[in-house]
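J.: Given next are the chains, with one letter for each unit.
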Amino acid sequence: MKLSVFLLLILFIAGQISGKNTKKGLSVITPELLRQHIDFLASDSLKGRNTPSPELELAADYIAKEFAALSIRPVQNSWFQPVPIISRNLDIDRCQLAITLGDQKKNFRLKTDYNPFEMTADTVVASSLVFAGYGITAPEYQYDDYDGVDVRGKIVLIMKHEPGEKDTASCFNGIRETRHSQTSVKLENAMKHGAIGLMIVTDPLNHMLLNPQGHPWPALSSFMTQDNLPVEMKDGKRTIPCIQVGETVVKALFGSVDSLRSIQKSIDQSLKPRSFEVPASGCLLQTALKITRYPVNNVIGILEGSDPVLKNEFVVIGGHYDHVGVQKVQRQGEDNIFNGADDNASGTAGVLAVAKAFSAMKKHPARSVVFILFAGEEKGLFGSQHYCDHPVVPLDKSVVMLNLDMISRNGSDTLQLDGLAYNPDLASILMSEARKLNLRNYPGEEDLFKRSDHYNFYRKGVSAINITSGLHSDYHTVRDNPDSVDPAKAALISRLIFKTAWKIAGEPIYLKTVPIR
Amino acid sequence: MKRNFVKTLFLFLLVIPGIHLYSQNTWLLKYQFEKGKAYDQISRTTQDIVQTVNGQDIKILSEIASTNSFQVENRDADGNATLLFSAQDLSVRSAAMGRDTTLKYTGMKDKVRVKLTPAGKSLSSVVVDSSEVSSIVSQLNMGDMRHLPGKEVKVGETWQDQLVVNKEKSAGSPIAMEITTDTEYTLKGSEPVNGKELLKIAFTGTMNMKGKGMQMGMDMYLEGTGKNQGFFYYDPAAFMIVSSEDNSEMEISVAVTGPQNLTIPMTQSVKSVTTFTERK
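Protein chains in written order, with my numbering: chain A, 1 to 517; chain B, 518 to 797.
Everything labelled a hint here was simulated from the structure, so no lab data went into it.
A virtual CB, placed ideally from N, CA and C, is assigned to each residue, including glycine.
Errors might be hidden in some of the hints.
Between beta-carbon pairs, the in silico distance windows are [claimed, not checked]:
no.: 1; chain 1: B; residue 1: T619; chain 2: A; residue 2: Q332; range: 41 to 47 Å
no.: 2; chain 1: A; residue 1: E507; chain 2: B; residue 2: I575; range: 45 to 51 Å
no.: 3; chain 1: A; residue 1: G148; chain 2: B; residue 2: P709; range: 49 to 55 Å
Build the full structure now, drawing on both the sequences and the hints.
T.: This is how it looks when you write it as structure tokens:
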């Protein structure tokens with residue numbers, strides 16, 4: 001009993017010390033500090049911090065300068081982690097398709113006769129041609145178009161869709177598609193069988209249009225502007241030239257569309273492959289791309305832990321600093337800048353404020369703390385995906401990721417935590433700290449859990465929750481301006497993050513996660 | 518002998534009109550609506566849309582079943598008819614990404630008043646009443662009747678028709694579109710259908726579509742081409758279409774620019790079956 005009282009006393013004193021400890025850090029997280037960061041990051045001069053844009057680089061420089069003024073250090077002498085963001089357009093002058101049958105050679109025209117898919121490679125291949133039905137290998141249906149043909153080192157011609165596409169009784173899930181009908185799956189299957197090029201034609205039995213639709217490349221379009229290119233992350237995956245061909249190619253190879261139609265009919269009826277190597281054939285296929293690379297960076301700083309052992313474990317605090325830029329066509333008298341004050345200048349300001357709070361503390365916590373501001377979130381969580389594939393500290397030593405995304409709206413005391421169910425231990429700590437700050441918790445909608453940077457950490461096994469004040473009617477509109485945010489609310493949520501992170505960084509707490517059903 | 522002659526004459530009298538009917542080669546194809554008459558229009562449309570976004574094909578299947586009716590309010594001296602179309606029941610079933618959704622509406626109050634020429638071309642179209650599902654109802658194209666040549670046509674004869682439809686932006690569609698359809702019709706001949714002698718008219722056509730719009734601060738552009746084919750049955754005695762079947766396929770490219778840049782290829786197959794029945 002005496003011992004228990006003694007332990008309680010020790011814990012009480014420890015708690016008091018801990019509370020006093022955080023006071024200094026908490027005192028620097030002020031609405032004025034949050035306001036200052038939000039006003040800069042969401043100013044019109046930063047033009048909505050689009051990924052990629054020069055204004056995003058300005059925002060990255062601002063964050064790096066703020067980090068440099070604190071007692072945190074860069075990684076390998078740089079605050080920046082490059083994120084390989086690219087855009088791809090078709091290089092129409094270097095694309096070619098020529099087919100030889102016997103001694104007859106025919107050149108085909110881009111757009112009217114063939115058109116590359118978006119997943120095509122930037123390369124040239126030449127070989128004989130093999131027709132491989134629908135290009136499907138589906139052991140679950142005892143069906144394989146590649147059975148009995150060797151396509152290694154060859155260019156393969158296949159049809160779109162799958163057997164019995166319009167047949168409700170088709171073993172391929174009736175009139176609903178199976179994954180085998182996906183063009184990307186067919187490409188993967190062709191590569192798995194050793195093909196070096198892939199040509200796809202619309203199956204003529206069930207479809208009237210045999211146009212070479214492929215991908216709507218801006219370079220081939222009369223109605224798209226040339227800058228209408230989506231940005232993507234260079235994934236380094238191997239691929240092969242992959243095009244859609246139209247009626248002219250079918251007629252050259254099969255004599256008529258009817259011939260291909262009757263082959264398709266026979267496959268559909270028997271579910272047996274009708275694949276064959278086209279006799280005396282040769283094919284030259286080149287798809288060429290113009291790839292533009294953009295300077296885009298995550299900004300990272302580390303506060304080293306004070307414990308010789310625990311400093312090799314990490315608490316990650318992050319958020320994205322990009323937004324969606326400007327509306328290209330400006331209507332007279334209308335605002336066209338998506339300032340992104342709440343989304344996510346507020347979260348970025350919060351991470352900077354928490355970093356300042358940690359720096360203000362007399363002693364560093366036992367564990368190290370990593371502060372990351374991600375680029376490219378709005379384009380598909382690119383920055384966090386790249387970080388999780390190339391972490392600067394080991395992910396298996398990263399015990400938690402606290403993500404701040406939109407923390408300055410919806411009243412003074414509301415809070416939404418996305419991912420409570422998948423992170424029960426972290427949820428418990430966060431909610432306990434939130435109650436002390438009089439923040440009322442509103443459980444997040446489940447589908448929001450996958451919509452910010454914490455999700456990439458969770459996928460890698462790191463306990464991760466998104467802390468937000470929730471969606472609102474100004475979300476992704478030009479009305480998300482600095483004057484519509486509440487810096488006091490942003491400061492309150494930043495304090496919650498600081499207190500939670502300080503607690504986890506100070507003790508050997510390990511947080512379990514629950515898989516998504 | 519006398520009796521036999523009478524019998525032969527009777528048979529002959531029966532055969533003559535039959536031969537005449539069978540051999541009639543020219544038909545007047547136009548609408549001749551009678552004031553006060555009312556019709557039920559039952560349609561079933563199945564759509565199969567595939568969009569490719571970031572290399573992934575997303576297939577959306579939908580089935581729209583609708584019952585509308587129309588009342589002939591007037592027919593002027595030129596034969597132009599004023600029809601009041603009323604939506605009645607609507608069922609929309611869609612399946613995409615593993616989710617099935619069915620929406621059912623009954624006793625709808627959407628009404629459209631149209632004025633049609635004897636060829637079925639629209640002179641005016643006015644929404645008289647709408648409801649919370651008007652964006653879906655607008656996709657039913659209530660008041661659109663298949664065009665007829667409005668003149669006499671021989672069996673085997675073909676005629677062309679061009680239709681340019683401008684669709685304004687609406688709650689259901691953020692893109693204003695211009696759709697041009699060039700159709701060639703052929704009068705195939707007459708056929709007995711459900712005990713009635715009806716004329717079968719087949720058609721094939723091409724479609725071109727372009728559009729422009731804005732949603733969530735993003736500018737959207739659209740361009741597409743397609744083909745369609747089908748047939749319909751026309752009752753020459755009632756000067757009215759009885760049923761139609763239309764199959765179409767379109768390939769569409771969508772470009773989105775602004776806060777997000779996207780280029781999305783899309784294919785769309787549509788099968789639509791409609792029947793008209795006069796209310797007795």
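J.: Name the hints, by number, that the structure is in violation of.
T.: none
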